[in-house]
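Asker: Make a model of the complete structure from these sequences and hints.
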Amino acid sequence: MPKAIYTENLTKVYRSGFRLQKVKAVENLNLEVEAQEIYGFLGPNGAGKTTTIKILVGLAQPTSGKAVVLGRPAGDLGTKKLIGFLPESPYFYEYLNAVEYLTFCAQLSGIEQNRIKKQVEKMLALVRLDKFAHMPIRGYSRGMLQRLGIAQALIGDPELVILDEPMGGLDPIGRREFRDIILALKAQGKTVFFSTHILADVELICSRVGIILNGRLINSGRLDEILLSEIEGFELIVKGLDRKMVKVIERFASKVISSAENETYLEVTDEAGVERVLAIVREVGGKLISLQPKKKTLEDHFIDQIAKERLKAI
Amino acid sequence: MKLNAIIINTFRESVRDKVFIAIIIFSIITMLGARVIKPLTLGEEAKVIKDIGLNSITFFSVLIAILVGGRLVYKEIEKRTIYLILSRPVSKTTFIIGKYLGLLLVLFDSILIMTGVFYLFLLFLRIPANYFLVWAIIMTFFELAIITAIAIFFSTFTTPITSAIFTFAIYFIGHLTPDLKNLARIAKSPVITFMSDVLYYLLPNLANFNVKAQVVHNLVIDYRVTILTILYGIVYSAFIMFLSCLIFRNKDF
Numbered sequence: 018m019p020k021a022i023y024t025e026n027l028t029k030v031y032r033s034g035f036r037l038q039k040v041k042a043v044e045n046l047n048l049e050v051e052a053q054e055i056y057g058f059l060g061p062n063g064a065g066k067t068t069t070i071k072i073l074v075g076l077a078q079p080t081s082g083k084a085v086v087l088g089r090p091a092g093d094l095g096t097k098k099l100i101g102f103l104p105e106s107p108y109f110y111e112y113l114n115a116v117e118y119l120t121f122c123a124q125l126s127g128i129e130q131n132r133i134k135k136q137v138e139k140m141l142a143l144v145r146l147d148k149f150a151h152m153p154i155r156g157y158s159r160g161m162l163q164r165l166g167i168a169q170a171l172i173g174d175p176e177l178v179i180l181d182e183p184m185g186g187l188d189p190i191g192r193r194e195f196r197d198i199i200l201a202l203k204a205q206g207k208t209v210f211f212s213t214h215i216l217a218d219v220e221l222i223c224s225r226v227g228i229i230l231n232g233r234l235i236n237s238g239r240l241d242e243i244l245l246s247e248i249e250g251f252e253l254i255v256k257g258l259d260r261k262m263v264k265v266i267e268r269f270a271s272k273v274i275s276s277a278e279n280e281t282y283l284e285v286t287d288e289a290g291v292e293r294v295l296a297i298v299r300e301v302g303g304k305l306i307s308l309q310p311k312k313k314t315l316e317d318h319f320i321d322q323i324a325k326e327r328l329k330a331i
Numbered sequence: 005m006k007l008n009a010i011i012i013n014t015f016r017e018s019v020r021d022k023v024f025i026a027i028i029i030f031s032i033i034t035m036l037g038a039r040v041i042k043p044l045t046l047g048e049e050a051k052v053i054k055d056i057g058l059n060s061i062t063f064f065s066v067l068i069a070i071l072v073g074g075r076l077v078y079k080e081i082e083k084r085t086i087y088l089i090l091s092r093p094v095s096k097t098t099f100i101i102g103k104y105l106g107l108l109l110v111l112f113d114s115i116l117i118m119t120g121v122f123y124l125f126l127l128f129l130r131i132p133a134n135y136f137l138v139w140a141i142i143m144t145f146f147e148l149a150i151i152t153a154i155a156i157f158f159s160t161f162t163t164p165i166t167s168a169i170f171t172f173a174i175y176f177i178g179h180l181t182p183d184l185k186n187l188a189r190i191a192k193s194p195v196i197t198f199m200s201d202v203l204y205y206l207l208p209n210l211a212n213f214n215v216k217a218q219v220v221h222n223l224v225i226d227y228r229v230t231i232l233t234i235l236y237g238i239v240y241s242a243f244i245m246f247l248s249c250l251i252f253r254n255k256d257f
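Protein chains in written order, with the numbering used here: chain A, 18 to 331; chain B, 5 to 257.
Careful: at least some of the hints might be erroneous.
[Said to hold, decoys possible] List of simulated lysine-lysine pairs, BS3-like, C-alpha gap at most 27 Å: (1) K98/A with K6/B; (2) K304/A with K329/A; (3) K96/B with K41/A; (4) K6/B with K79/B; (5) K98/A with K79/B; (6) K39/A with K83/B; (7) K6/B with K134/A; (8) K41/A with K255/B; (9) K79/B with K135/A; (10) K83/B with K98/A; (11) K39/A with K255/B; (12) K96/B with K6/B; (13) K98/A with K22/B; (14) K325/A with K311/A; (15) K311/A with K264/A; (16) K96/B with K79/B; (17) K83/A with K255/B; (18) K139/A with K203/A; (19) K51/B with K6/B; (20) K20/A with K39/A; (21) K264/A with K329/A; (22) K255/B with K98/A; (23) K39/A with K96/B; (24) K22/B with K41/A; (25) K139/A with K6/B; (26) K83/A with K96/B.
[Said to hold, decoys possible] Not the full set, but computed from the structure, chain A residues with beta-carbon under 7 Å of chain B: (27) L94; (28) S126; (29) G127.
These are computed hints drawn from the structure, not numbers from a lab. The structure presented is a predicted model; accordingly, all values stated were derived computationally and were not measured. Glycine included, each C-beta is placed from N, C-alpha and C at the ideal position.
Answerer: As structure tokens, this is what we get:
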């Protein structure tokens with residue numbers, strides 16, 4: 018099965034301002050997204066996420082490098098037929114209603130005339146806009162607009178769905194609904210590629226992530242691998258130790274967080290330390306209540322990585 | 005089908021636009037208002053009313069072509085609605101041509117409405133109306149095809165106001181092209197002769213599309229020239245649209 022998205026040294030240079038200064042929006046980006054995964058594309062504002070996405074969906078031409086989507090060149094009409102796309106804070110034709118708009122989208126996507134009506138109805142039901150189907154889009158709330166955006170992206174059953182900042186402007190309920198839709202897409206065997214800077218969403222639904230900064234990919238991989246490689250220590254809760262024994266194990270712990278009512282909560286830096294603490298606990302007939310690796314959150318990781326890159330730049 | 009979808013959407017967009025509706029209402033008021041100046045027509049009421057009628061049809065449809073045409077593509081880029089069109093399997097050429105034909109459909113319909121009102125008005129005033137008048141209106145439509153193409157051409161790379169100013173300037177000079185040719189003939193300086201010649205061949209020759217005076221005064225129309233002028237209109241518009249597509253093809257959004 019070909020990769021859903023594959024880029025090789027993808028570079029986009031814009032010329033901007035009066036003196037046509039060169040601005041590198043994306044620089045030698047190598048991205049690989051497997052089929053049927055949910056891929057989170059992370060980066061702070063202005064990192065090059067939207068530019069990359071625009072190249073993938075054919076709205077912009079790369080200055081150099083290669084972009085392949087579903088085994089075909091990005092931007093080809095045949096490729097675009099297989100992609101659903103939701104831009105950041107999308108605008109729609111306000112003078113149309115949802116049925117007219119989705120019908121228009123379906124026609125442009127090349128869906129056969131006799132299937133259009135059914136597809137439109139299905140999409141409206143999916144995003145719960147069926148009650149407002151004949152209301153002009155002008156009167157829609159922000160959440161309704163975002164739902165219409167999802168409907169237009171999913172019409173025609175695309176293999177790959179590309180979403181640019183889909184959670185922006187949604188309330189917690191809207192975000193949960195959105196996550197459910199994305200997970201449902203994965204269950205149907207679709208690939209979902211989405212950019213965001215809201216990390217909580219990524220931790221909940223993404224199988225793999227890529228972090229982009231200043232147009233370059235600075236880290237990518239499975240979320241648990243990225244985070245596991247940065248275990249900062251272990252947190253233990255043990256029971257049945259008297260004061261004396263607590264003093265003994267304190268030597269192996271980097272920190273005793275609390276010790277009360279027969280329960281001790283401590284932090285140990287490495288696995289050897291954990292073994293020693295456990296041996297003592299067993300010896301005195303104590304009990305292990307819980308043992309957890311202390312992982313960095315994606316947010317910590319993200320901020321660390323960006324700080325590192327910025328230091329390098331200096 | 006994709007082209008049709010864009011044509012119909014452009015048509016809907018314009019027809020549901022308040023500017024468009026206002027222009028149509030104004031044109032009808034102007035036509036009917038011609039009745040007021042009856043005392044000034046010195047017995048030539050029929051001619052004056054026909055003249056005002058035909059000219060207001062032209063004037064207001066040119067206004068639609070320039071104002072709506074100049075915003076058509078720009079608005080899609082500015083509001084980013086174009087993202088959701090060009091990310092689908094639609095080529096940029098289909099998009100531009102669809103926008104153009106959509107606006108021509110709008111112009112065709114508005115001319116139809118204005119002409120209908122015009123003929124009813126003539127009927128009401130018992131002024132004999134011949135099919136000659138329709139010739140003038142058909143010629144206007146092909147002139148509009150050129151103006152719309154120019155408005156869209158500018159709209160692919162400038163703002164609506166700049167596009168409107170440029171298109172209006174070309175429309176204005178386009179009606180003076182015979183004078184440019186005369187200037188080239190009588191000018192003493194070879195530079196002026198050269199410049200006038202270049203402008204004469206480069207700018208659309210719109211004066212040929214204006215047969216209003218002939219039809220109002222029941223003069224003979226040379227159909228051979230008329231057909232050639234229409235062909236010229238089609239070729240010129242096609243060429244301008246070709247340039248628009250070339251510019252648009254290399255554009256990033």
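Asker: Which constraints among the numbered hints does this structure fail? Numbers only, ascending.
Answerer: Result: hints 2, 9, 13, 19, 20, 21, 24 break, sorted rising.
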